[in-house]
Amino acid sequence: MHTSMFQGVDVNMLCLLAVCVAAAAATNTLVLVDTLATRETHSIFLKSLQERGHELTVKVADDPSLQLSRYGEYLYQNLVIFAPGVEEFGGALSVETIVEFIDGGGNVLVAGSREAADLIRELVTEVGVEMDEEGAAVIDHLHYDANDDGQHTLIAAPSSGLIDSEVMVGARDAIPLLYRGTGLITDADNPLVLPVLRAPSTAYCYSPTQAITDYPHATGQNMLLVAALQARNNARVVVSGSLEFFSDAFIMASVQTPQGASYERSGNGRVVEALSRWVFMEEGVLRVVSIDHHLQDQSEPPVAYTIKDDVEYKIKVERLVEGTWKPYVANDMQMEFVRIDPFVRLTMTPSSNGLFSVKFKVPDVYGVYQFKVEYNRVGFTRLYSSTQVSVRPFTHLQYERFIECAYPYYASAFSMMVGVFLFSLVFLHHKESPSKTKAD
Amino acid sequence: MSTSILSYRTRGWLRMSVEKQDTLLKMAVLSLAAILSFSCRLFSVLRFESVIHEFDPYFNYRTTKFLAEEGFYSFHNWFDDRAWYPLGRIIGGTIYPGLMVTSASIYHILNWLHITIDVRNVCVFLAPFFSSLTTIVTYHLAKELKSPGAGLVAAVMIAIVPGYISRSVAGSYDNEGIAIFCMLLTYYMWIKAVKTGTLFWSTMAALAYFYMVSSWGGYVFLINIIPLHVLILMITGRFSHRVYVAYSTLYVIGTILSMQISFVGFQPVSTSEHMGAFGVFGLCQIHAFVDYVRSRLNKAQFEVLFRAVISTVAATGVLVLVMLTAMGKIAPWTGRFYSLLDPSYAKNNIPIIASVSEHQPTAWSSFYFDLQMLTFMFPVGLYFCFSNLTDENIFIILYGVLSIYFAGVMVRLMLVLAPVMCILSGIAVSSMLSTYMKQIDEVKTEKKKTKFEGNYFMRSEIATFFVCVMSVFLVMYTLHCTWVTSEAYSSPSIVLSARGHDGSRIIFDDFREAYYWLRHNTPQDAKVMSWWDYGYQITAMANRTILVDNNTWNNTHISRVGQAMASTEDKAYEIMQELDVDYVLVIFGGLTGYSSDDINKFLWMVRIGGSTEKGTHIKEHDYYTPAGEFRVDKEGSPTLLNCLMYKMCYYRFGQVYTEGGKPPGYDRVRNVEIGNKDFELDVLEEAYTTEHWIVRIYKVKDLPNRGA
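Quick note, the sequences are listed as chains S and U, same order. Under our numbering, think of the first position of the first sequence as 1, with each following residue one higher. Under our numbering, think of the first position of the second sequence as 1, with each following residue one higher.
No lab work stands behind these hints, which were simulated from the structure alone. A virtual CB, placed ideally from N, CA and C, is assigned to each residue, including glycine. Do not rely on the hints blindly, as some may be mistaken.
[Unchecked claim] Stretch-level coverage of chain U by chain S, calculated; a stretch enters the list once three of its residues show a Cβ under 8 Å from a Cβ in chain S: (1) 82-89; (2) 513-523.
[As the list claims (entries may be wrong)] Here are the simulated BS3-like cross-link-like pairs (lysine-lysine), alpha carbons at most 25 Å apart as the crow flies: (3) U:701 x S:372; (4) U:195 x U:143; (5) U:634 x U:601; (6) S:372 x U:20; (7) S:372 x S:359; (8) S:372 x U:699; (9) U:571 x U:677.
[As the list claims (entries may be wrong)] Using C-beta positions, here's what the derived DEER-type ranges look like: (10) S:401 x U:118: 36 to 42 Å; (11) S:401 x U:295: 44 to 50 Å; (12) S:407 x U:387: 56 to 62 Å; (13) S:401 x U:703: 48 to 54 Å; (14) S:300 x U:111: 31 to 37 Å.
Throw the hints in and build the complete structure from the sequences for me.
Dropping the structure here:
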């Protein structure tokens, strides 16, 4: 119908439309920096973004022309804040607008440092992460790099501290990661925060120049170096306590641990690459394409199911791989049939075209149910699908008409009827005969 | 020309025989009474508009509409997924369909005759129409009991008796509206059957009984009073073949028919409430058999046999009954029935029954308010019945005495009492008037004949005086009834009205405002949580899914809602998440002074909420002050001042000035300044508040996007 309406519209218009579509397809990423020098110090990271199709806009964080949205639409899908020192955002940017940006589906990568300003600290508390006090740095006297200046703040964090998710941090290897910055503590009440990189158990966070007078806020495994949050609307946020973690210097550096192990390259390059793919929705993205439910011998969903019906439920899920949607195959996808509590919970059988299906019998309890699929796996977008259906009891015609065990009663009823009929015949005739005899 | 017709008519009237005049007069009085009973129920339609009243009628209206549109079978099999989310309700199997079937048939017949009328209007005017029919049936019933004169007086009285009008004004579309007609019809047929002893009238009585069963749960009263009548007849030695034929036919056919109503099902053969009727049926057979045996044996033989049989039968009967009850084959009596016998039963045991105002015991004054002079005429009528004891008079005495007891137990049963009051008073008034009128007449004629005076001094004067006093009483009764109907029973309760300072009428249409807001501004499948009182109205008017409604069949589910209302926000949020609640609706009267709001009902929510297993943490005494008072001001208990219901009612209320000279946040129902003024809602956001703040709707927030 639309195509017919657009017939005869000149070619320029179509070209314009094509341009618009192309522009929408590219990912716009805003990079905020303290000084434009960051562009040079972090060139490997930024270049890899560009290579993956990001339209980068690099600006100083207090640039007065900054804005995230125009006319109610976001100009960027992603925001990188490599500006730990910024005291005040420029333009229309503020902590509130960034939080709104996240709630509106935007992804944010924030890097702090030992001297991170209050503004950045305020921003990260909004996503359930707390940076340690200003001036405090992560110190570890056992896991530091040979290039350290003696304060043991250049940490060579063992890769065993990485979160166990290939989607987020790439394939596992033994190369340590270089890190210099502040420690992160997460809000224990927030179930959505993920520990991407835990500090070694011997690390603590304190000002390296001061004598330790009180117990450090963050110590050992409770301290995070990199944290992530996947919000309920699937927007992703990654917070790192170290800006240098992403820098060319750290990515290219070799690592030598005090224990004597040495590596030609740090693990940073690989992890930064994987983590940026994850946070900018290039990896671990799933979507529900279609949901279908019907009786097993039909293809259309009925108005309402009846108790004890045989039902088939299908859900098609796709995964984003290299920019295209491909069928998703997994053998741990479950479906629940819920009425306050789940009455049925079954693992669905996958197929190569991304279609998960399950067959089951509706329970013998009527009510309003939901087909629920909740698929939460670390690193993947949250899949949630619920379809409400009614399950009705039998109609008066769906019951058995004749019950076997009632045959004696049927027999007695009919024999009674016949008996009464015969009796009335006999009764009537019996009455007549004496009158006849009398007459005779 | 017109004068000539008039004169012709006058002559025609004069030429009529006495019987014809008598019939014409009766017809005229009766039809006037029928018209009167219809028209005096129209106050609310004239004053407001043709709307359905109250709560239950909205459900009946909705089901009738469904029946009229979808046909009987889909109605019979109707599973409603909009109510009692997520349990749903089988409507076809849990209602008495008589009312809906009646109005749907009327609707179809009228439309077939090309009288196009809306289902709603059929529903609104059904109760007045049936009260006209009741008037006519009452005439016939009283005529059978006493005389046509008594019938006419009873008919006129029932046409305007407030106790009946309260449930049958236009718009009050409820089961009781037609059930009273069915009940009196059954009584009439029963009396006829007892008098004639024919199968025809007994079968008619059974059919009338079937109609009654199909329309109201109060049929249990009927199936107990008729056997009781038979039993009394047996005890008084009045048992005859007529009674035997009448009762056996009625019981057998009536029971089989009543089991066809799916809501009743096997109850007539399995519950204690119906066991009396069954027992009397058995007794009837035994009695008839004994009579037969007696006619064949001599006295001495019979005595021996009789004693032996009676004692064994009684022993085994009791044993079987006890065993069946113990085995659970015979269901124990339901709570409503217990509360009939013991008024304090419900209060102590079942909060959901006690919370309904119409299940409360009747106050003395409401007898006078609803019945006026009938209260005094009732014993007089009883006297006249006793003075001329017949089979049918015993019935009406029984009915009167029993129903006056039941009406005292439950306000609602005033409805059952009103007709018998009218009949007995009709008998009383008619008997007395005919006695005294005769004396006025007699004196006129006798004066000429003889000086032979009666036993009384100044007969004629006393008679005249008495007739005058009686007329004054009757006029007073009429005035009282009209006044009560107009003032007390004609407000639709969905639209409220109040008097302003200058005496003008102010209309509060907040309920409909809120329901239409829900209808037009919320998603189709939104689930609305409210206290059960408003369930039927929300489904009918807002067309949204609700959690609990006025059909209080699932105590646990209602209790869950009560718990949500009585808990703190966090606890309530868990319950609301569990039940997929999208919106919460509360009724609040603090701004307008509308007293039947949710805060005044709140203690019931607490009691009902705490009455189930999951709600044991909710304790009634937590909501009282240490002194044991229920207060919403500063003295009030902190549990109360922080519960969800308080917060929803008084959100933003602390900044509102309601009455001159009072601080902000002054509640005009409780007449106090509220105790907790400055608070924010965490898990809810205000979605809509109506013009006079009577209905407030809140939206349940989603879980926070970025975690805690």
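Under the criterion that the straight-line Cα-Cα distance not exceed 25 Å, is the pair residue 372 of chain S, residue 20 of chain U satisfied? Since the Cα atoms of residue 372 of chain S and residue 20 of chain U sit roughly 78 Å apart, the hinted pair is violated (cutoff 25 Å).
Holds or violated: the 31 to 37 Å window for the beta-carbon distance between residue 300 of chain S and residue 111 of chain U? holds, 34 Å
With 56 to 62 Å as the target window, see if residue 407 of chain S and residue 387 of chain U comply at their CB atoms. holds, 59 Å
Going straight from one Cα to the other, do residue 195 of chain U and residue 143 of chain U come out at no more than 25 Å? Roughly 13 Å separates the two Cα atoms, so the pair holds.
Proximity test - 8 Å, beta-carbon atoms, the region 82-89 of chain U to chain S, at least three hits: holds (count 4)
Measure nothing beyond the straight line between the CA atoms of residue 701 of chain U and residue 372 of chain S; if it is 25 Å or shorter, mark the hint as holding. holds, 21 Å
CA of residue 634 of chain U to CA of residue 601 of chain U, is that 25 Å or under? holds, 20 Å
Can you take a look at whether the region 513-523 of chain U is actually covered by chain S? Rule is 3+ residues, C-beta closer than 8 Å. It is violated: at least three residues are needed, and the region 513-523 of chain U offers just 0 whose Cβ sits closer than 8 Å to chain S.
At the C-beta level, are residue 401 of chain S and residue 703 of chain U separated by a distance inside 48 to 54 Å? This hint holds: roughly 50 Å between Cβ atoms.
Residue 401 of chain S versus residue 118 of chain U beta-carbon gap, inside 36 to 42 Å or not: Holds: the Cβ-Cβ distance is about 39 Å, inside 36 to 42 Å.
Is the hinted pair residue 571 of chain U and residue 677 of chain U satisfied, with a Cα-Cα distance of at most 25 Å? holds, 21 Å
25 Å Cα cutoff - pair residue 372 of chain S, residue 359 of chain S: holds, 14 Å
Violated hints, listed in ascending order, are 2, 6; each of the other numbered hints is respected by the structure.
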